Every structure is written in C-alpha cells, then in structure tokens.
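S.K.: Reassemble the complex: the two chains are provided individually, in unrelated frames, and hints are given to aid placement.
So the sequences go chain by chain: A and B. Going by our numbering, the first sequence opens with residue 44, and the numbers climb by one from there. Going by our numbering, the second sequence opens with residue 10, and the numbers climb by one from there.
Note that these hints are calculated values from the structure, not bench results. As the structure is a computational prediction, the values presented were derived from the model and not from experiment. You can take every hint at face value.
In silico PhoX-like pairs for lysine-lysine, Cα to Cα no more than 20 Å straight-line:
#1 B:LYS11 x A:LYS84
#2 A:LYS87 x B:LYS11
#3 B:LYS114 x A:LYS87
#4 B:LYS114 x B:LYS51
#5 A:LYS84 x B:LYS51
#6 B:LYS51 x A:LYS87
#7 B:LYS54 x A:LYS84
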Amino acid sequence: EAGVTQFPSHSVIEKGQTVTLRCDPISGHDNLYWYRRVMGKEIKFLLHFVKESKQDESGMPNNRFLAERTGGTYSTLKVQPAELEDSGVYFCASSLSGTGGFSEQFFGPGTRLTVL
Amino acid sequence: RKEVEQDPGPFNVPEGATVAFNCTYSNSASQSFFWYRQDCRKEPKLLMSVYSSGNEDGRFTAQLNRASQYISLLIRDSKLSDSATYLCVVNVESNYQLIWGAGTKLIIKP
Numbered sequence: 044e045a046g047v048t049q050f051p052s053h054s055v056i057e058k059g060q061t062v063t064l065r066c067d068p069i070s071g072h073d074n075l076y077w078y079r080r081v082m083g084k085e086i087k088f089l090l091h092f093v094k095e096s097k098q099d100e101s102g103m104p105n106n107r108f109l110a111e112r113t114g115g116t117y118s119t120l121k122v123q124p125a126e127l128e129d130s131g132v133y134f135c136a137s138s139l140s141g142t143g144g145f146s147e148q149f150f151g152p153g154t155r156l157t158v159l
Numbered sequence: 010r011k012e013v014e015q016d017p018g019p020f021n022v023p024e025g026a027t028v029a030f031n032c033t034y035s036n037s038a039s040q041s042f043f044w045y046r047q048d049c050r051k052e053p054k055l056l057m058s059v060y061s062s063g064n065e066d067g068r069f070t071a072q073l074n075r076a077s078q079y080i081s082l083l084i085r086d087s088k089l090s091d092s093a094t095y096l097c098v099v100n101v102e103s104n105y106q107l108i109w110g111a112g113t114k115l116i117i118k119p
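Same shape as in the complex, but just chain B (with noise of 0.2 Å):
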C-alpha cells in the first residue's frame, strides 16, 4: 500500500467550476500536510499548508480529517492557469522527509 495516495485523474473541467481533489495518508503519525502544485516539466511548489481546522486561500479549501487520515483540496471558479498536477504532501513528526502522493492531473478547458 502507498503510503499517500490519490486518484490520478486526469480531471477535465470547465473553467470557472468547481473541482475537489482528495487524498489518503497511511502513517497515523503524519503531522504535517501540504499540496504542492507541479506544472509539466518544473519543480512542485507548496500551494498551501493544510490545518487541522481546515484553511481558505483565495480560491482554495484544505481540509484535513485525522481520524480518516484524508485531506482535500477544492477550488473554486477555477481558471485555465489552474491546470497542473497537484500533490498531496505528508511529514511524519520529527521528520524533516517529505512523502509524496504520485499526483492528480487537472485540466481546465475553456
């Protein structure tokens, strides 16, 4: 069993839709979560933390429900720039590691 998982899509969508992507962790002892965001041939970079009591940034949700061990991200109105892979993100306390998700494919048609 991976020890992130998420749905590879791709995920086509109408611009200015709304898309939600989840992901699944394994290691009970994961304390911190991310999405990064990695476009065709460049380096991930964080989108946004994700908080035990869910966060907002702009149009962006996380979520984070422990007891699941089960993170999402929705966007909102999403626009064509929105297209990437975006990847759930794990860190096991006291580690410095990241463990990476293998990435869900969004693509927004106009």
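Looking at chain A on its own, in the form it has when it is part of the complex (with noise of 0.2 Å):
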C-alpha cells in the first residue's frame, strides 16, 4: 500500500513569489494534517483536516497560508506571498478516522522549501 506522498521534494522560490505544497495521504484516511520544521526548530502543527473540514487551523503562521482538501482527498499548502522565514520542511500526515482513541499519523517525506 502507497504512504503518504508529497510534492515536490525540494522548492526554491524568491521571496514574495507563489508556491504550492501537494498532499497525497494514505487511502482511506480522513484526517490529513500539516506540519512544519523550520531548521534549528521543532517541529510544529499547522492545521488538521478531517475529510474536507478544517478541524484544527491553530498553527497557521498567518494568512499568506492558504490550505485547502478538496472533496476529502488531497489537500494542497499555499503560501504567498513566501516570505524568508517560511523557508523548512514540510510534512504531510495522515491517520485513520478516530473512535476515541488516538490513530497513528503516518508522514509523508516533506517538502523542503527554500525562500531566497
């Protein structure tokens, strides 16, 4: 069975251009999360979906983030305009659908976004 997938692995922009971050989760998996790791840093959730739904967008930096999960299956990160401090790694999880307890979040490899 395919992981989680992410593209594209590696993105050099220049500040103030568009970028956008694709998510493939794991089949059958409702819920969807986005992480980030900037270097030197933990790291840090940026938003949970369940399905479609926004559960969770607590860890959005601001709102040059954009985040989308159209019709439950993959979701897209948008960031623009990308400022130099939005420069990290990316991760994309996913876990099954939760009936109280606690799913595993399965990751994908990242995006490692660089902003010049």
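M.R.: Right, dumping it as structure tokens:
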C-alpha cells in the first residue's frame, strides 16, 4: 500500500513568489495534517483536516498560508507571497478516523522549501 | 518555556552500549505520548507509544511519569542502525495535533 506522498520534494523560490505544496494521504485516511519544521526548531503543527473540513487551523502562522482539501482526498498548502522565514520542511501526515482513541499519524517525506 | 523539552545531544555511544533519553512536557492535560525516530533528511516515523505502566518493544523500553511530566526511552545493546534523531511527542486530550520536542541526536560508533 502506498504511503503518504508529497510533491514537490524540493522547492526554491524567491521572496514574494507563490508556492503550492501537495499532499496525497494514505487511501482511506480521513484525517490529514500539515506540520512544518523550520531549521533548528522543533516540528510545529499547522492544521488538521477531517475529510474536506478544517478541524483545527490554530497552527497556521498567518493569512499568507492557505490550505485546501477539496473532495476530502489530496490537500494543497499555498504560500502567497512567500517570505524568508517560510523556509523549512513541510510535512504532511494522515491517519484513520478516530473512534475515541488516538490513531497513528503516518508522515510523508516532506517538501523542503527554500525562500531566497 | 517549550512545551516539550529534550536534550539535543548529540549522544555519542559505542555499539552495544545502553543509552537513555529523557523528555519533559509542560501541559498536564497531555494524554498520549510517543517516541518518533527521524533519520537525516527523512520523515519522522513512530518508534513506539508510551503507556502509563511502561512498555517494551525488543531493545527499546519507554516509561512515563505523569506526576513529574517526564518520559524516557532506553535503548539496550545499541546498533549502528540506531543512529538517528529521537523525537519526544505528546498529544493533548481531544486534540489531534502532535506537539514535538526538538529531538535528541544519537550517534552509535563502532
């Protein structure tokens, strides 16, 4: 079974440009998460989808970030306009529907974003 | 204060030795606890969940002390392949987001 996939694996853009990251979760996983690791810091939660609905977007840094999950399948994370501090590794994860217990989150390989 | 604190290391340990990592968390409402492993430039992968009674998986033993808000991971008979960054992760009740420590880097030397 395919794991979580992310595209692109690397992206180098200039400040002010727009970048869109894509995540395809494991088939059948209703929960989809975005996390980010800025160099030298811990991984930080960005947001959580349940199917196509945003369940928790408390970690989104500002309104330059827009996440969507149309149809409850793949998700995109758009950064517009990108700033230098947006550089980092963006991880996507997915998990099965929770039934009161915690479901393991499986991570994709990440997209390494560099803003120059 | 960070929500999850870990010693960043690196821990340089000879092959075959036993090594222990510790982690503290600040939110007393934390309900689920995990150790993730991350290899260089790879995604984090779940190593093991941590249960209140403590649990073991092969050479790995995890323990939780809720009173002290402290989690530990013990690796016995360390292998070269254990070299990685070990991430302490917690989850607050009713909240699916994972809260991460910055990780402890482990280097096993032959």
